[in-house]
Amino acid sequence: MKFKEYLKDKFYAIILTFLSVGIIYLIFKAFRIKTDIIFIGIIIFLICNFFILSIDYFRKKRFYSDFLSNIEELDKSYLVLETLDFPEFYEGKILYQALYEINKSYLENVNKINNSRRSFKEYVEMWIHEVKIPLASLVLTINNHQTEINPKIKSQIKRLEDYVDQVLYYVRSENAEKDYLIKKVDLGSIIKNIGLKNMDDLLENHIEFIVDKINTFVLSDSKWLEFVLGQIINNAIKYKRNIKNSYIKISVNEDKTKVVLTIEDNGIGIKESDIKQVFEKSFTGENGRVRSKSTGMGLYIAKNMCNKLGHKISLESIVNKYTKVYITFAKNDFYEIAK
Amino acid sequence: MQKILIIEDDELISNELKNLLNNNNYEGVILKDFKNALREIKELKPDLILLDINIPYMNGEMLLKNLRETSNIPVIMVTSRNSDIDEALSITYGADDYITKPYNPNILLLRIGAVLKRLNNGTDTLIFKDLTINISKGIIKKDNLEIILTKNEMIIFSYLVNHQNKIVTRDELMTTLWNNEEFINDNALTVNVSRLRAKLKEIGYEDAIDTRKGMGYILS
Chain A
0 MKFKEYLKDK FYAIILTFLS VGIIYLIFKA FRIKTDIIFI GIIIFLICNF FILSIDYFRK
60 KRFYSDFLSN IEELDKSYLV LETLDFPEFY EGKILYQALY EINKSYLENV NKINNSRRSF
120 KEYVEMWIHE VKIPLASLVL TINNHQTEIN PKIKSQIKRL EDYVDQVLYY VRSENAEKDY
180 LIKKVDLGSI IKNIGLKNMD DLLENHIEFI VDKINTFVLS DSKWLEFVLG QIINNAIKYK
240 RNIKNSYIKI SVNEDKTKVV LTIEDNGIGI KESDIKQVFE KSFTGENGRV RSKSTGMGLY
300 IAKNMCNKLG HKISLESIVN KYTKVYITFA KNDFYEIAK
Chain B
0 MQKILIIEDD ELISNELKNL LNNNNYEGVI LKDFKNALRE IKELKPDLIL LDINIPYMNG
60 EMLLKNLRET SNIPVIMVTS RNSDIDEALS ITYGADDYIT KPYNPNILLL RIGAVLKRLN
120 NGTDTLIFKD LTINISKGII KKDNLEIILT KNEMIIFSYL VNHQNKIVTR DELMTTLWNN
180 EEFINDNALT VNVSRLRAKL KEIGYEDAID TRKGMGYILS
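Quick note, the sequences are listed as chains A and B, same order. Under numbering that gives the first Met the number 0, the first residue of the first sequence carries the number 0, and numbering increases by one thereafter. Under numbering that gives the first Met the number 0, the first residue of the second sequence carries the number 0, and numbering increases by one thereafter.
Since the hints were derived computationally from the structure, they do not count as laboratory data. C-beta atoms are modelled at their ideal positions from N, C-alpha and C, and glycine is treated no differently.
Here are the computed lysine-lysine pairs in the DSS-like style, where the Cα-Cα straight-line distance is at most 25 Å: (1) K150(B) with K191(A); (2) K212(B) with K151(A); (3) K157(A) with K17(B); (4) K191(A) with K116(B); (5) K64(B) with K182(A); (6) K191(A) with K136(B); (7) K153(A) with K165(B); (8) K177(A) with K120(A); (9) K150(B) with K248(A); (10) K212(A) with K150(B); (11) K153(A) with K17(B).
The following residues of chain A were derived to be distant from chain B, with all beta-carbon distances above 10 Å: (12) Y5; (13) E90; (14) I101; (15) V109; (16) S118; (17) V123; (18) S154; (19) Q165; (20) F216; (21) I242; (22) E285; (23) N286; (24) K323.
Some chain A residues flagged as far from chain B (calculated, every beta-carbon gap over 12 Å): (25) S53; (26) K60; (27) I70; (28) V259; (29) K270.
Construct the entire structure; sequences and hints are all you get.
In structure tokens form, the structure reads like this:
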């Protein structure tokens, strides 16, 4: 709060004060009062007015300066009322009360939305657990009646499973609550699980699954990481080229500070103009348009999850040559993850 | 035959699970009385328990915790709750393994086999007729004769020996190989089986592996 601005605001009051000084002077003069006395009266009057203004200014200044600077400093400025003393002047009281009411209704609203979000998330998670039960019994039934049942059903059920998982991890990764557990994870066994999960698809599509011997541990959540890698493998299968020696190669490079997991395929690749956007929500790009079956969500969710886990995910590609996806794990960097 | 107790409240799943186990040389039994689950477990004396988390009366984790106070029966948690937090909790309560629904039945069987094997201190030698099979060394012995198998051939042969009297599908063999991080393709499996046959021929078991067309292989 600046004194100059304050005076500008009080412009009319000041003009009126001087005007009344003039009038008082003229009236007193008319009654033939001594000039000395008139001046003394006027000076007392002006001094009083000056003090009134100053006192008013300093009372307000304390409140408004705190108010403005706290708003700026707080990273959640809606909490500013909590940092202020209740003001002593009338306008301040009105402002304080009004802000208090606004804040209250706003927080109630936010809470309402948060609660409905949370209960929606809980419902979706519960629903997913429920839907997995009939899926599990379908898988078992098919397995027990292999000779009578068309094997195509199996791959359709796998697709269903994948879509259901995608919803689960979307909900988990979008949520502010921490839904993962960071611990030491064996990359080799995660890749084995991914391989087993996608074995039928890989064999059916004649894609070689080439994996280096991997004896590396990283800090991550195994279920989340499996999902992320699953999305990448799914894409590699979906966007394979019609050539004889299709492959997906998985390798690990390690140095003092980081572990880099590389997933390389020799599929149709991604256009250079599309590469920047593949991790964006609902982006399908040319590949998604040319070959259907793309929701544009897989890589977005994967990126989101990697951010939360503290991993870096990036990608390079040349059309009709290769796509390489890199996932970088920091070593022992608990601080990064904690963020 | 080893007895496996299924604790699962979905009837269709428990019945299919029982069929699956029975088809694979296990005796599958289904827990009926959820109210007195602990008592029934003690009466049945299973070799292994497949335990769902969402069961009536007491959830699976609590049941496991109570069971562990008196018993060391191996337990595999089977659940649709797919999170590391649930898994960590189950393991602290004393579960031997954790597998999420919907699971690949072949993988479930491999996991069951692995838990049981771990408990029997994983015998490294198998016997088939007059053959002695040393798995880790990759050697089959017959009297003075000896043949050496590659890792893949040994995985295939020991699986066949462990699943005698039943047709082993190519899918099962493939899953076992991939589970051992041998990510081979269909052609390679065929090649491995025929190499294995050739090697068995050297020691007089020319027709040991029988092909059942469209179904798989059987050891005879």
